[in-house]
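Asks: Sequence:
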Amino acid sequence: MKLRFVRSEDSFVLLTSDDQAGYKVKLTQASLYVRRCKSNPAIVLAHEKALQSGTAKYPLKRVEVKAFSVGQGQLSFVEDNLFTGHIPKRVILGMVDSASFNGAYNKNPFHFKHNLISYLRLCVDGRQVPSKPLTPAFDKGLWARSYMSIFQGTGTAWKDKGFDISYEEYGEGFSLFCFDLTPTLTNGCSGEVELLKSGVVRLEARFRQALQQPIHVIVYAERDGLIEIHRSREVLSDFTP
5 MKLRFVRSED
15 SFVLLTSDDQ
25 AGYKVKLTQA
35 SLYVRRCKSN
45 PAIVLAHEKA
55 LQSGTAKYPL
65 KRVEVKAFSV
75 GQGQLSFVED
85 NLFTGHIPKR
95 VILGMVDSAS
105 FNGAYNKNPF
115 HFKHNLISYL
125 RLCVDGRQVP
135 SKPLTPAFDK
145 GLWARSYMSI
155 FQGTGTAWKD
165 KGFDISYEEY
175 GEGFSLFCFD
185 LTPTLTNGCS
195 GEVELLKSGV
205 VRLEARFRQA
215 LQQPIHVIVY
225 AERDGLIEIH
235 RSREVLSDFT
245 P
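Here the sequence shown stands for residues 5 to 245, numbered as in my numbering.
None of these hints come from the bench; they were simulated from the model.
Hints should not be assumed to be uniformly reliable.
Pair by pair, the computed Cβ-Cβ distance ranges are [to be verified]:
{"#": "1", "residue 1": "A141", "residue 2": "R235", "range": "58 to 66 Å"}
{"#": "2", "residue 1": "F167", "residue 2": "L199", "range": "23 to 31 Å"}
{"#": "3", "residue 1": "V69", "residue 2": "G166", "range": "20 to 28 Å"}
Everything numeric in this text was worked out from a predicted model, so none of it was measured.
For every residue, glycine included, the Cβ atom is placed at its ideal position computed from N, Cα and C.
Could you put the whole structure together from the sequences, leaning on the hints where they help?
Replies: What follows is the structure, given as structure tokens:
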């Protein structure tokens, strides 16, 4: 197993009012903790016997993150081929200033501004998701459906739990939009494995007023994946686009 870690710029991870601070982060030590267990010999033999007739299958969650920029002065944007191939089961979208995305000491990279977005939808092979587009009016304090999408997208809707973002906070830097693309409308949160389906996902958005500065749209997507291990210890995966 080989792991690779890539650090963000110091101007991205540090926050201060001085945009020319030049502060640095210095790593003096790094540790990786891995859980190991010693199996009973009888269990090992049973696994070896099972591998004679098939592979060991390990379902896992595949995550993909995309980001693209939208220029200053724009009133809308369309991303025709947001995803092609296997359709994700869950998509979460947020927007940040491009200066924050690229790293600035005086900018919070996790400040997800709404930018007065007034229309948002996905199209999966021509099918609109949700069936009625999200049409928040942030200038009037009306964003209930957009706020509700986070509950539905995280599996917390209709349950006695939340995710610590109030209705007011949602419109003040926590504006994330979630889309459920599963046939069962559970985002896979109930533990079932959805059948893989191929297609094209399209994104459309409009703003109530022109963007005051360039932004980056960040899209987080999840889909079910599978790793198989052959009796010869050959590892197979379905990690295809």
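Asks: Determine for every hint whether it applies to the structure shown.
Replies: Do the hints match the structure? See the list:
For the pair A141 and R235, the beta carbons lie near 60 Å from each other, so the given range of 58 to 66 Å is met. Between F167 and L199 the C-beta distance comes to about 28 Å, which sits within the given range of 23 to 31 Å. Against the hinted window of 20 to 28 Å, the Cβ-Cβ separation of V69 and G166 comes to about 24 Å, which satisfies the hint.
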